[in-house]
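Colleague: Sequence:
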Amino acid sequence: MHNKADKQSKTRFRLGATILIIGFLSPLLIPLVTATDLPMEWKATISGALALGIPELFSIIAIAIMGKSGFQHLKEKLAKLLKKYGPPETVSHNRYRLGLVMFIIPLLMALFLPYVGNLLPFYQANLIKFSIGGDVLFISSLFILGGEFWDKLQALFMYDATAMIP
Numbered sequence: 013m014h015n016k017a018d019k020q021s022k023t024r025f026r027l028g029a030t031i032l033i034i035g036f037l038s039p040l041l042i043p044l045v046t047a048t049d050l051p052m053e054w055k056a057t058i059s060g061a062l063a064l065g066i067p068e069l070f071s072i073i074a075i076a077i078m079g080k081s082g083f084q085h086l087k088e089k090l091a092k093l094l095k096k097y098g099p100p101e102t103v104s105h106n107r108y109r110l111g112l113v114m115f116i117i118p119l120l121m122a123l124f125l126p127y128v129g130n131l132l133p134f135y136q137a138n139l140i141k142f143s144i145g146g147d148v149l150f151i152s153s154l155f156i157l158g159g160e161f162w163d164k165l166q167a168l169f170m171y172d173a174t175a176m177i178p
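So the sequence shown is numbered by my numbering: it starts at 13 and just counts up by one.
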């Protein structure tokens with residue numbers, strides 16, 4: 013009887029993890045939707061759901077299937093993975109400078125390109141590539157900047173946090 017419960021638990025965990033992964037990968041289907049002959053309103057609705065609704069909905073469904081213990085197990089596995097491959101706590105000055113450049117470039121692109129992008133013909137023709145490139149650059153900068161930078165970012169959202177400038 014105990015073996016059957018373990019097998020069901022593993023099956024539920026695998027099914028939940030699969031649904032979670034599918035949900036997080038659903039935004040990758042947006043280019044396929046935009047390439048169809050559907051009316052623009054449908055494309056916008058489906059793309060919006062793929063980007064903002066489906067990942068969250070699939071997360072809730074996955075957690076419900078896995079249960080509390082399965083979700084805790086998944087969180088522990090992800091925490092170990094992030095600890096192993098995640099950013100180190102402290103980084104060198106050069107790595108920090110590189111990370112800051114990588115962090116700031118996408119922010120500047122997001123700030124200025126909507127206003128001057130029409131002056132750059134290569135930008136309009138490659139809008140998706142610029143957007144994906146900026147997102148990848150921004151996310152990878154967080155790993156290059158290290159754990160101390162994550163603490164600085166967290167402090168931005170804490171009212172009582174103060175800066176300790178050496």
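Don't take each hint at face value.
Stated by the list, open to error - Calculated pairs, EDC-like style, for lysine to aspartate or glutamate (alpha carbon to alpha carbon, straight line, at most 20 Å):
| no. | residue 1 | residue 2 |
| --- | --- | --- |
| 1 | K22 | E88 |
| 2 | K89 | D18 |
| 3 | K96 | D18 |
| 4 | K95 | E160 |
| 5 | K92 | D163 |
| 6 | K80 | D18 |
| 7 | K164 | E101 |
| 8 | K96 | D163 |
| 9 | K92 | E68 |
| 10 | K92 | D49 |
| 11 | K80 | E68 |
| 12 | K95 | D18 |
Please keep in mind that the hints were generated in silico from the structure rather than gathered at the bench.
Colleague: None of the hints should be skipped; say for each whether it holds.
Modeller: Hints, one by one, checked against the model:
1. K22 with E88: This hinted pair holds, its Cα atoms lying about 16 Å apart.
2. K89 with D18: Status holds; Cα separation ~18 Å.
3. K96 with D18: Judged against 20 Å, a Cα distance of about 28 Å means the pair is violated.
4. K95 with E160: Holds, at roughly 14 Å.
5. K92 with D163: holds (19 Å)
6. K80 with D18: holds (15 Å)
7. K164 with E101: OK: K164 and E101 at ~12 Å, within 20 Å.
8. K96 with D163: With Cα atoms ~18 Å apart, K96 and D163 stay inside 20 Å; holds.
9. K92 with E68: violated (23 Å)
10. K92 with D49: violated (44 Å)
11. K80 with E68: holds (17 Å)
12. K95 with D18: violated (28 Å)
Of the numbered hints stated above, those contradicted by the structure are hints 3, 9, 10 and 12, listed in ascending order.
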